[in-house]
Each structure stands twice: as structure tokens, then as C-alpha cells.
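Asks: Each chain, written out:
2 protein chains.
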Amino acid sequence: MKFATRLINKFKVNNPVLLEEPSAPLMSTSIPGPKGAELLAKQSQFSQDYRTIKFYVDYNKSIGNYVVDVDGNIILDTYCHIASLPLGYNHPDMIYNTYSGEYQKFLAQRQSADVPDIHWPRMVRDILLPLAPKNLNEVIVNCGCGSNSNEEAFKMAFAYYMKNKRGREPSDQDIEKAMNNQGEELTILSFTGGFHGGNMSCQTTTHTKPIYKIGQPKLDWPKAPFPDIKRPYHLNESHNIKEEQKCLAEVEKVFKSAKKPIAGVIIEPVMAEGGDKSASPNFYIGVQELAHKYGALLIVDEVQTGGGSTGRFWAHEHWGERADPDIVAFAKKLQVSGLFYKPHLRPARAYALYNSTRGDPIRLLNLRKIREVMDNDNLLRQTERVGMMLKNSLNALSPKYPINNVRGYGTFLAYDFESPEWANAYVREMLKLGVNVGLCGSQGIRVRPSLIFKPKHAELYLDRVEFALNQILSKGFNLAKA
Amino acid sequence: MKFATRLINKFKVNNPVLLEEPSAPLMSTSIPGPKGAELLAKQSQFSQDYRTIKFYVDYNKSIGNYVVDVDGNIILDTYCHIASLPLGYNHPDMIYNTYSGEYQKFLAQRQSADVPDIHWPRMVRDILLPLAPKNLNEVIVNCGCGSNSNEEAFKMAFAYYMKNKRGREPSDQDIEKAMNNQGEELTILSFTGGFHGGNMSCQTTTHTKPIYKIGQPKLDWPKAPFPDIKRPYHLNESHNIKEEQKCLAEVEKVFKSAKKPIAGVIIEPVMAEGGDKSASPNFYIGVQELAHKYGALLIVDEVQTGGGSTGRFWAHEHWGERADPDIVAFAKKLQVSGLFYKPHLRPARAYALYNSTRGDPIRLLNLRKIREVMDNDNLLRQTERVGMMLKNSLNALSPKYPINNVRGYGTFLAYDFESPEWANAYVREMLKLGVNVGLCGSQGIRVRPSLIFKPKHAELYLDRVEFALNQILSKGFNLAKA
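Protein chains in written order, with our numbering: chain A, 4 to 485; chain B, 4 to 485.
Honestly, the hints are just simulated from the structure, not real lab data. Keep in mind that the hints are not guaranteed to be accurate.
Copies of the same chain look alike in the list, so a pair counts if it works inside one copy or between any two.
Cut-off 25 Å, straight-line C-alpha distance, at most; resulting in silico cross-link-like pairs (BS3-like, lysine-lysine) [unchecked claim]: (1) LYS435 / LYS38; (2) LYS263 / LYS180; (3) LYS263 / LYS137; (4) LYS180 / LYS262; (5) LYS168 / LYS45; (6) LYS166 / LYS212; (7) LYS212 / LYS459; (8) LYS263 / LYS459; (9) LYS137 / LYS38; (10) LYS403 / LYS168; (11) LYS345 / LYS45.
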């Protein structure tokens, strides 16, 4: 440990970093401040991407739950890289890990899919496989993008469907048709409000905002309605159960009336981009039963939800013992992207699922350390506890303030306001108070802290929630709930 | 430099690495050897990916042009991660760079698209923009996968087409249609033999092997024939010119008879996966003129060809001054993936092209060092010279051995045999002699060394080429050319 301390101190001396978390956020400018505005103007000269940047981060100075921007503002981060940051900023164990000497060879050159490192099989087996959801004992790792994970899940579902349908190797005629772009007439069923990425097939299954779909070709694939759940669930149980049953009946109707076979159904345990909608476990089990009844695979998209912030490593664990997905897609918090799948789904031929960079050992080394910290510090339990505290406190604010529809698992939470204007004003107000929060759907807020968010951070957050609400109300926003 | 030497020596002492390149390959087992076979068996238990692995690499021991496998075989690498490895293995400058202290913060946590590092705009401007092809003064960086670069190029072309066609913002009706998966009827034109990746839209534009297309839905997009060029080009000029004109006429016919508008044409300067086919600059300029005449963008896929191994940084520079692509897609040797594009193509709205990891600073730091080494060591010039030497020598072997159709730019070369059996036997024989070569198309060989391949390596390679051919011939393969 002496060596570790020395290395971390070296890192801190080299970089004028905060030595430990501050006691509270501290804002010295608005966002963007003068330096931030200058960087945005610079980047706008040569890239469209500047428009999606919230602020520029001084990664050397950021620490724990606090992100420090280019203008020196110290911000409590409850959005955390769109739910991708597992242990906050510059976690000492993560920094220590970078000095382990294991990274150098993978930094000096990338590993390639055709000639992987001698430790790659062991790394995949020891780091990734212990995370496999029940029965999904095979794994593939791809290029690091959740959209690609979903797309590979579709390809796996199509290949499996055709294998069963043909019952034989493809004929010369099948091959000729494929080479002439006469594709198989197969589809993936998705749900209103779902978000599965920006690739062409993924945006076909995405039903959140027009920006992801407008002006682009799409595949003619079916979608089904998602239940309109009223919160709290148990106080609206009869409405909710009826709603879930109605939607399950719709799913069955889509299967029965489908003009093209449905090879897979894709669903998120919480529709994160689509407004953190979720239903009861019964609904998901119902979807699963219908998928299996009609010969389709159940693909669970855990790109946003996987990795522990729901209080379980996989969000679909909340569905209970009957949960039986065929494929689980992952990315973000897991550092690498890919699929866990049932072994019988393995494509018959090599190169059916392939790219030249199947997995990045650097990110697997990170994941190994993240898991260690999660275990040692009991972070799933902490996340569950802090989440409960947040949820109760947010619900307690509901009668007094225009907050409603508090929902979610663990710290993977959301709440709504009565209008998009309210939500936007609130995001701005919270940032003024030094809290980075993200919009959710059209008029909600996502709570997405990393796994090291403790009760003291939750208290700081809740204090600022109430302060921000009072600020907005004092400016004359209408209190009446929609 | 004393510090640098100390660091590199530390690396070498920590890792039982070869201190410098050996004088020649050295094989002690067949491939896979016993340890390699054991690893393959291990990985086969939990992943389909083991089937596409050639051998496992001891990345600590590999050095320069020599890759060392798990069984201790020292192999001259002329395939180099499917053309993705720019400076060979463990280049001293690359290792030195990993000790610079700049990597740590990006290893401890990934940068996110919404909150990039304070140095990100400067890094993109100073490292990437100097590489911009003429007039393509904007750049976006995405998740590291070439297939995604091509897909984003398509999306950019579609968005641009619709912007011009509509001449206004999308109406409520346009948006409703998009949200109901009634996509725009737009297409991308591609060429027989082209390979643009495995995503659904990309495999639609891929026309190499059935494995990438069979059993999958595809978009109903057009393709055009690619000229059947005879080599050497100048000795078959009248055939070749006629062939190119015929194909250009076909391209025009596709445009004229297209049922759905063609928003873009995608083409590789050398069809790498499709058998290293290329045509004369006149053909590409002809395609460019037709694309622009009919209102489509020219998308040049430089995922395999970009980065210097053709003797120019971009392969399309070989087309001369008239070359005027609208979008150039890159990945592989550039360490990051993305697009250079003409500024007027920038999508009107944010999030039209987006994912949560737009670019990886670690890989940009690598690219900076790679460019430095390329400049200091004059590697483009060396690649041109070594390539010429290889090409001349391979052509000189042609009358005596069944090698034909030698083609390519720089060291980005290929040659054919008379049958797939010949090519397969040759790949095996070369590996026995300690040279890693890759298949090309159905019966060819790709030459894809990294940029540090010197005349002495070329000599070693050519010696083994001749030896391997004699070995195969002595086993009774027919000499008669097809």
C-alpha cells in the first residue's frame, strides 16, 4: 500500500487535483463560463459535435461525485456520462490500477480480433462471465458501442430464426438472393418509448424523439404500445394491471397479424431515454411468454440499466425468478459492449458476427477493478439503500411541490414535472446550484449518480432539489399539477 | 532521453520482451501449437469468437515487424491486424508515450460525449484536422468502428438530401411518418465487390461474401458493377479503359432508372476485403462526376486504405487533383473512427449524429505519436519505396511462378493465384516459414505490413515467397495459369 499511496500522491502532485471530495458543490460562474464558451466556439469551427456538449471537464481536477468544469465550477454529478460512469471521477483504486503495468502493451497497440492477447480468453472468462445473467453462458464483446450490441443481437436472432426455418444449410439460391440484396423478410418487435441506438436497424426500433428518425430510411418493423403506468404503482394497481393486460393483448395481436415473421422482441427494463418508463415484472414476463410462444427471442437491452445502479447488477433481475431472456445487450457502465446469450444461439458459422476490434482489453482491466471495488465496498447494497432514501424523500416532496411520478429501482430513478418548461427551468436552476441533472423524456428528470453516491450526497442533492423548486416557484411558475 | 531510455528499459525488464527485432522469423511449432490449441479450446467454451482467431499473441514479447505467438513462434507480420497496426509492435516511441502521464485520467474514466475533456477540442484540431483531405474541413469522431463511420456517412447523406428536397423544416406530418417507421425512400449506391462493414445498412452495401449477408434483412438499395481490370494496367490499357467506360455507363443507368432517389455513392479506393480491386483514377473521377450530376454525395470509404500504407496518407490522393469526395470515412490505422466532411454537410440539428462515446482521447494520443514518428522517420516515402521494390520483385516472379495480377499502391499490395486451393496452400506454407499473410478475395494474398516495413523485411518476405512457391510446386500443384 505504501507504493500505491506514493503513486497516487505522485498523480496528485503532477496534477493539481482535489485531494478529496469537497463538502459541497461550488459554482463560480454560470455554465458555460467564459472559458467554456471559448472552447465551444473553438470546437464549433470544425465539428457538429459541439452542440451536444454540456460543459468541458477538467478530468484531472474532478474527484468522486464531483466534476470540475473548465471554469473551475465544482459540480455534484447525478447524470454521470449518461449513466456510464460507475465509480465517479478519479477513484483512487482506478488510478492505482493504471500504474499496474498491465495497460502499457494495450496502449502501445490495440489488440486485434484475429490475433488477440494470450490473456484474452482468461480475461473474458474471469472478468465478464461471472456477470452472466442466468443461463446466458456465452458472451461476445464488440467495439464499445451499445447500438452495435443491439444490432448484433438482431443479427443473432435473424440467423437463429433462419436456421430453424430452413432446417438446412442455405442453398445456392438462398445465397444468390442474399447477394442481390433480396433480404429475408424478418423483423424485430419493439415498444413505443423504447430507445435502442442510432444505427439504421436500431433507430427503426427506437420510438422516442423525431431527431433519431427524421429524414432517414427505416425498416418496416412492427411496434407495440407500452403500458401507461400511474405512480405510485400500488396505489393505482387496478388501472396499471388493466393497462398491462391491454398492452400484452396488443403484443399478441401484433404477433398474430404480422405480415413478416418476428424473430425477436427487444425491450429495456427501464426505458431510459424514453422517459424512464417501466411496468411491473408481470408485464415483462408476459412479453417473454408471448415471444417464446410465437418463436421469437427475448432481447433485453441493458445498455443503460446494466452495471448495478438499479441495486442489482442487471435490472431484469427485478423481474424475479421467472425472468428468462435469450440475449442481454450491454455497454456503458460495463466499459465494454457486447452480448450475453444462450449457448444454443451461437451462429453456425464464423464471421456471422465479427468486426476487427472485438473487445478492448484496456476496458476489461477497468471492469475488473470496478467489480472489485463494488464487491469490497458493497456498492449494490449501498445503491439500494441510497435509492430508497432518495425515492422516499422525493415522494415526500410531492404534495408540497409539483414533483410527481417518482419511479425507478435503486438510484436509477426519475420524476416528472407538469410541463417541459418546468423540467427545463429546473435543470438550469439545479446547475446554478452546482448539481448536474439530466432531462428524462419530455418533462422529467433522470437521477443517475454513480455507485459511490452515499447518503450524504443524497442529502446534498435533496436540499438543492427543494431550494431549486422554491426558486422556480418564487419566479411565478404555476403550482397547479397537470 | 535519459528518462525515456530508463522507462523503456524498465518496461523491457518488467516484461521479458525481445530487446530488438530478430534477424529473421523463427518457428518452433506449427500454428496453433500446443498452448495455442489449449487457449482456443478454452475460449470455445464461452464464445463464438474463437473461430476467427488465427493465433494468440504475446504482446509483451512482440517487437517491430515481428509478432510472437503464445507458443514462442516469432513471425514476420505482413497482415498487421487487418491493416490496422501502423508502427508494428511495441514501438519504443509508443511505449515511451504511455509513460507520459497523459493517459491516466482517460484510463481512470472514459470521456463522455456530453462532458468532454478540456483538451478535447485542441486534440481534435491539432491531431486530426491536419489530416483532413482537401476541402473536408470538419470532422466527427465516433465509437471506434469503421462500420459505424460508414453508417454515419449514410445518415449524413440522407439528412442532406432531405434538407435540399424539403427546402424547409420537417412538417408535423413528416415527423409523424418517421415516428411510425415510414422511412424516407432513399438509397446508397455501392459496387460489386465492395465491403463496408457488418451493420444492417453496411452489409446492404457489402458485396463480397455470403457470410456477411445470408439470413438477414437487407435494404433494397442498388449496386453497380465494378470494372474487371487486367494487370499490369498499362499492358491491357484498351481492355481496361473499355471496361471502365462500360461500368460508368452502368452507373449512369442505375441513376437514371433508380426507383428511389440515390443520396450517396460509397466506394473504396481499393476494395480490400473484396480482393484488392481498383481501377484507374479516371474511373473514380467518373463516378464522382456522375454522383454530383445526379445530386448524390461521394462517400470514400478509407477505413482500410487510410493512414499511409498506400504511400499517401489517403489512398484517394492517388486520383490526383480532381479528386473531390464529399465525405471520407476512417478507422483502423487512425486509431479513432469517424468522418471528414465538407462543412455544408453539417446536419442542421444536434443529435442527428450522436452517441455517448464520441471519440476516445487515449486513441487520439496514440495517433499524435504515430504521426510524429511517420514524419520524423519519413515513413510515407519509405512505404512508397519498399512498395515499389515489392511490386517489381513480385512481378519478376510472375513468369516463373503461378503469381499473377500484382496490384496496389505503396505496400498496400495484392497478388493472385490460379485457384482458392493454391492461395490457401500458400497461406499455410508461408506461416510454416514464419510469415503471417492474409487471404484476399477468393484466390489472392494481401500484403499489409505496417509502416515500419523496411527493404530488409521486404527481402526476407520475398525470399520466403519463393521458397513457399517451390515447396508447393514440389508437392505437385499444377503450374498452369488459369
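Asks: Using 25 Å as the alpha carbon limit, work out where LYS168 and LYS45 are close: within a copy, between copies, both or neither.
Replies: Neither, since 55 Å and 31 Å both go past 25 Å.
Asks: For LYS212 vs LYS459, is the C-alpha pair at or below 25 Å within one copy, between two copies, both, or neither?
Replies: Answer is neither; intra-copy 35 Å and inter-copy 58 Å both fail.
Asks: Are the CA atoms of LYS403 and LYS168 at most 25 Å apart within a copy, between copies, both, or neither?
Replies: neither (58 Å within a copy, 51 Å between copies)
Asks: How would you classify LYS263 and LYS180 at a CA-CA limit of 25 Å: within, between, both, or neither?
Replies: Intra 17 Å, inter 20 Å, cutoff 25 Å: intra and inter.
Asks: Reference check for the pair LYS263 and LYS459, CA-CA at most 25 Å: within, between, both, or neither?
Replies: Classified as neither: same-chain Cα gap 53 Å, cross-chain 59 Å, threshold 25 Å.
Asks: 25 Å Cα cut-off: does LYS345 pair with LYS45 within a copy, between copies, both or neither?
Replies: Only across copies: LYS345 and LYS45 sit 18 Å apart there, 48 Å inside one copy, limit 25 Å.
Asks: Between LYS137 and LYS38, at a C-alpha cutoff of 25 Å, which is it: within one copy, between copies, both, or neither?
Replies: neither (49 Å within a copy, 31 Å between copies)
Asks: Reference check for the pair LYS166 and LYS212, CA-CA at most 25 Å: within, between, both, or neither?
Replies: Classified as between; 18 Å across copies, 35 Å inside a copy.
Asks: Within a copy, between copies, both or neither: where do LYS263 and LYS137 come within 25 Å Cα-Cα?
Replies: Cα proximity of LYS263 and LYS137: none, with 31 Å in one copy and 46 Å across.
Asks: I want to check one pair: LYS180 and LYS262. Are their C-alpha atoms no more than 25 Å apart within a copy, between two copies, both, or neither?
Replies: Intra 20 Å, inter 20 Å, cutoff 25 Å: intra and inter.
Asks: How would you classify LYS435 and LYS38 at a CA-CA limit of 25 Å: within, between, both, or neither?
Replies: Within one copy only: 17 Å inside, 59 Å across.
Going down the numbered hints, you'll see the structure goes against 3, 5, 7, 8, 9, 10, while the others check out.
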